[in-house]
Amino acid sequence: EDKVVQSPLSLVVHEGDTVTLNCSYEVTNFRSLLWYKQEKKAPTFLFMLTSSGIEKKSGRLSSILDKKELFSILNITATQTGDSAVYLCAVGNQAGTALIFGKGTTLSVSS
Amino acid sequence: NAGVTQTPKFQVLKTGQSMTLQCAQDMNHEYMSWYRQDPGMGLRLIHYSVGAGITDQGEVPNGYNVSRSTTEDFPLRLLSAAPSQTSVYFCASRKSSGRLYNEQFFGPGTRLTVL
Chain A
523 EDKVVQSPLS LVVHEGDTVT LNCSYEVTNF RSLLWYKQEK KAPTFLFMLT
573 SSGIEKKSGR LSSILDKKEL FSILNITATQ TGDSAVYLCA VGNQAGTALI
623 FGKGTTLSVS S
Chain B
37 NAGVTQTPKF QVLKTGQSMT LQCAQDMNHE YMSWYRQDPG MGLRLIHYSV
87 GAGITDQGEV PNGYNVSRST TEDFPLRLLS AAPSQTSVYF CASRKSSGRL
137 YNEQFFGPGT RLTVL
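These protein sequences, in sequence, are chains A and B. Residue numbering for the first sequence follows the numbering used here, beginning at 523 and increasing consecutively. Residue numbering for the second sequence follows the numbering used here, beginning at 37 and increasing consecutively.
It is worth saying that the hints were derived from the structure and are not from the lab. Note that CB positions come from ideal geometry on N, CA and C, so glycine has one too. Please note that the accuracy of each hint is not assured.
Short, incomplete list of chain A residues facing chain B, as computed with Cβ under 8 Å [to be verified]:
| hint | residue |
| --- | --- |
| 1 | 564 |
| 2 | 565 |
| 3 | 567 |
| 4 | 570 |
| 5 | 604 |
| 6 | 621 |
| 7 | 625 |
| 8 | 630 |
Pulled out of the complex, with its shape left as it was, chain B reads as follows (with noise of 0.2 Å):
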């Protein structure tokens, strides 16, 4: 198994420019979610899908749009970026099991930075 996989790993854009972060993986996990990390910040939950075909904000969902076409992608765009969403961007997935968490597992990561 790839486990969970991003691309790009890293990404330079100018204000204003939209782009696309991929997001995919290959354990049939029903739960996935993204997230962004800024310094001192910890990790502030974007997106997220509990399944193909639904999708809901999280607490940063501004500026960014999701969907979920399929269980193994989740791809985050950013329609119009701007400086404040310079961010390491991570896509995590775990097995929906009701309200008791299990394990999430985290993508490598994607530093965006907007200049």
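With the rest of the complex left out, here is chain A (with noise of 0.2 Å):
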């Protein structure tokens, strides 16, 4: 069964500090991972990795895909109150047909 698993379920931390969002994923024949932000709407999309892009970065954040231990990581550095929110990371199934979500890291950054 495809399962993706992300750490830990919540975090509270202050401005300024770095932050690591952790997502373990057990799925055959794996295709890609995706990390979205979800605010008090629906979420948005913020990195997809792949075989062929295992690093991506946009500003404060950025993402690393290891395939060999199945596993990726979402760093934000200098966080802001604006980061607050829920991020979600998804991966592919095997038949290509759906996208199976974590349940997701709660972030709050307090000022």
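Both chains are given apart, each in its own frame, so use the hints to dock them into the complex.
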């Protein structure tokens, strides 16, 4: 059974801290892993990592994929209150018909 | 482009009532799907469609029906609402590109309460 596990489930940090969010997966015939940010509305796309693109960076956010150990991390440096959100990790299933989502990590950044 | 649109934004039903959640996209995406999101459960796939006339079940399909008569529309029908279907429902779409996923766009969600 395809599975995506995120940790920690919740995290509280102070502005300026650096955080690392984890996502491990068990999916047969892996194709791609996606990260989403969800504030009090629909998820918005952050990154997609594949076999040919195992590291992505956008501003203070970066993500890497370890295909051997079957996990990905999302790093956020110099956190701001606007980073407070639920971060979702998703992996495509073997059949290529669905994204399997983890339960998410709730990040709270206090000023 | 409006992207993915959903109606209604909020709905309250009584147990046993039926209703249809509407979803439409104007990006000519082949793939569309419905998810439900419950506290602490992440997003769980209800039904999906890889093109007009083709639908299939996801992880939690019981109590829901879908159809895909056009590329643009993918309505979700609740046959006989139950309190366990109280949730936030998201519709999503993306271009199909084989088994390599690309960005999936989400609608704004419908918050459904079943009393």
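Outcome of the hint check:
Taking 8 Å as the C-beta cut-off, the interface hint given for residue 564(A) holds, the closest approach to chain B being about 4 Å. Checking residue 565(A) against chain B: minimum C-beta separation of about 5 Å stays under 8 Å; hint holds. Residue-level restraint check for residue 567(A) holds (minimum Cβ-Cβ distance to chain B is 5 Å; threshold 8 Å). Checking residue 570(A) against chain B: minimum C-beta separation of about 7 Å stays under 8 Å; hint holds.
The beta carbon of residue 604(A) comes no nearer than 19 Å to any beta carbon in chain B, farther than 8 Å, and the hint placing it at the interface is violated. For residue 621(A), the suggested interface contact is upheld, since its CB lies about 6 Å from the closest CB of chain B, less than 8 Å. Interface restraint check: residue 625(A) against chain B, minimum CB-CB distance 4 Å, threshold 8 Å, status holds. Among the interface hints, the one on residue 630(A) is violated; its C-beta lies about 15 Å from the nearest C-beta in chain B, farther than the 8 Å criterion.
Hints 5, 8 from the list above are not met by this structure, while the remaining hints are.
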